[in-house]
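Trainee: Chains as they are written, first to last, in my numbering: chain B, 154 to 485; chain Z, 36 to 289; chain V, 4 to 254.
Think of the hints as simulated: they come from the structure by calculation, not from any bench. C-beta: ideal position from N, C-alpha, C; glycine also. Just to be clear, a hint being listed does not mean it is correct.
To be verified - If you want a taste of the chain B side facing chain Z, the calculated C-beta under 7 Å gives, among others:
(1) G163
(2) A200
(3) V357
(4) Y363
(5) K367
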Amino acid sequence: MHIPDGFINGATSLGAAVVAAGGLGTALRRGNRALKDRQIPLAGLVAAFVFALQMLNFPVAAGTSGHLLGGALAAVLLGPWMGVVVVSVVVIVQALLFADGGVSALGLNITNMGLLTALVGWGAFRLLMTLLPKRTAFVVGASIGAAWLSVVVSSLGFVAAYALGGSGQAPVGTVLGAMTGVHSLIGIGEGLITGAIVAAVLGVRPDLVYGAQKYELAASRRLMPGRMAIGGFVAAGLAVSLALVIFVAPLANSNPDGLERVARDQGFIATAEDSATAESPLADYSVTGVENDRTGTVVAGLIGTILVFLVGAGILMLVGRKRPQPKSEAGP
Amino acid sequence: MRATHVHALYVHGTGRVRALEAHVKVAAMVAFVLAVVATPREAFWAFGIQAVLLIGAAAAARIPAGFLLRRLVVLIPFVLFALFLPLFGGGPRTQVFGFALSVEGLWGAWTILAKATLGVTASIVMAATTEVPDILLGLDRLRVPRLITAIAGFMIRYLDVTLGEMHRMRIAMMSRGYNPRWIWQNRALANSAGALFIRSYERGERVYQAMAARGYQGQMPVLSRELTRPGSWLQALAFPAFAWMAAVAAIIAT
Amino acid sequence: MSVPALEVRDLSFSYPDGTAVLHSVDFHVHPGERVALLGPNGAGKTTLILHLNGIFSSSSGSVTVAGLPATEENIHEIRRRTGLVFQDPDDQLFMPTVRQDVAFGPANFGVQGAELDDRVRDALEAVGMLEVADRPPHHLSLGQRRRVAVATVLAMQPEILVLDEPSSNLDPASRHELAHILEALDITMLMVTHDLPYALELCERSLVINNGRIVADGPTSTILGDRELMRANRLELPYGFDPSFIRPGRT
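Using the sequences plus the hints, can you model the full thing?
Mentor: As structure tokens, this is what we get:
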């Protein structure tokens, strides 16, 4: 989600810019000390790789597709500091050259997509690896989990920025539910692709995976966790996604705003009934949804999640098809 | 496939906007965007002035309108979000064509649409009138840390190389009948992405050797010494200056 | 004779895993000579040339460039004296524009200002690429990129030009143009190549390396004419090509 100008107010953007400058500065210093001069071309090449991956849409289901953020991947492959630097440079170039993400929101975007994804991804990876056996399949598993979490936390960063200084007073609970819900879905894709890439690299050059260097793994073929484990991961991701929408949205939302308020004001019901979609689920919802606030919000959140997901997927599909040269950053 | 998108950012031509030095243009663009963001949302006229300035700059640089519009698609997800806001937004409501819409939500949608559009257009105008290597040199002259500009330079240099490799791998896969539709069919794609990472990494090592072979010792040499022509700053900054005047007038008025 | 432009003495090298790549390699190149280094894949050619400017260093043996031994404290000057042109110009041309790339080397050695501009212009002129100076390298054809790669090294005014497979993957016209340019350069040259007619055209002398050892050293036409030697070292002339019928480029 490359935040554009005007989406988040000036004070919050400024605060995020300070955080981003501090974080990126630290990463540059630490990364440079640990990695020496030979890492500059390396970082540039890996940044090109991450950029290319972000342009490579992978199929999610039946013709819709998503793309990678790459923060956790970069951190596992290159270490946290270099990961931060690489993804931040990608974000900076996207803002300046591709107009992707606002210049005034650059701090927000670096913080969300550079700092948070790489550092959270790395933290989660390390934590999982201290708990798990030091074997190749578990390195891959830990990468998958770390990548999933990095995407969800990045969306939390977005929600936090919106809560602090977002335009338009959308109820924070609904935004939270919808954003984290959608991103726990997107995170599944991020996790699987990250895991598969880490597995592919471990299979050929395990020495290149920074996060696994100290385990001295030999190149091996049996890399991906079993089908059951992957299935479990996908199911868990879906469950978390739904749980977030159902429970988090209403809890975080103390005053009854949002869609149920719209419904109560009858405006929405009226249009729903007047329109040709009177038989649609939305119309159904407007009858049952107003009975109590909580159900209303839950349904609103669910509909919001599904709508955002479908619309996003649809756009990715359309844009992806029309313009083979990428830049269809409809993802997070 | 080669030289596709990075190249596609630039619109060839001549004229006053293109003749300005890159660092001056980047600074002007940033100052302009900050003015847009600082403008109070109620000041429709101020946004109008800023839009006119921007259209003037784009016209002076002869950037085709179609090019600008095509590049604006990056905003689509946020336009959608903005359209949802009047429905979901809180606070008092108003009737618009029979819809009960949130006043705050309407304002929010307007703010996002106006400021994001102006901001993105400003970046596009800058990128369309400045060659990529010049933008990098410009950032360097604006005291952006050399490490960042150097890494960004390598990234841009090798983006086409990397995409070319990716493209060839994909074609090789497709010519053997690979056409994934579902997420669990991504194994081969991910394997090729893994191979691509290894290639990128190993190329990074070779590039380092090539640099060391030409005397690189950890410091990128300073290569730009051209002086800013007198008057460049004045010319370029006139553009954000008007935008700021509008913004400040609007702040005082509201 | 004068001080050799390049002197390699008793050079041996093994990778950290123990694989020996070079065994007491011993040869020298005199100023103004053009020498081809021939050998099959995996013979140690690339490893050898990475020793010539200290990117690899080895425990036994020595490399001397124009009288200066390649030691840790001399490494910077050695790298200026040895102009290494890599096989893949995409590895060699890493800066945003051709001009910046050609300036990279001399700038690292403290050349700046008008002198730097002169160096860049002269080097690009020598390879006929002055008109692409402000283009990004990835907009050039492979032949053009390889010529620019030669210019990036010439700008450092090296004592010896070391080329790794200069003619590989070039179309016949580009291959021919590059030969012309190299022929016209007044510089000592060591050229690693599989392209035997190219070696014959450009280099009066050839070294054959196999399994990390120099197994032959002599006039290119003699070496290419020695069928036994050629077969033993997996070198093969193009079909119908007989070096004895061709007037050597230089003798």
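Trainee: Look at each hint and say if it fits the structure.
Mentor: Results of checking the hints against the structure:
no.: 1; hint: G163; verdict: holds, 6 Å
no.: 2; hint: A200; verdict: holds, 4 Å
no.: 3; hint: V357; verdict: holds, 6 Å
no.: 4; hint: Y363; verdict: violated, 11 Å
no.: 5; hint: K367; verdict: violated, 18 Å
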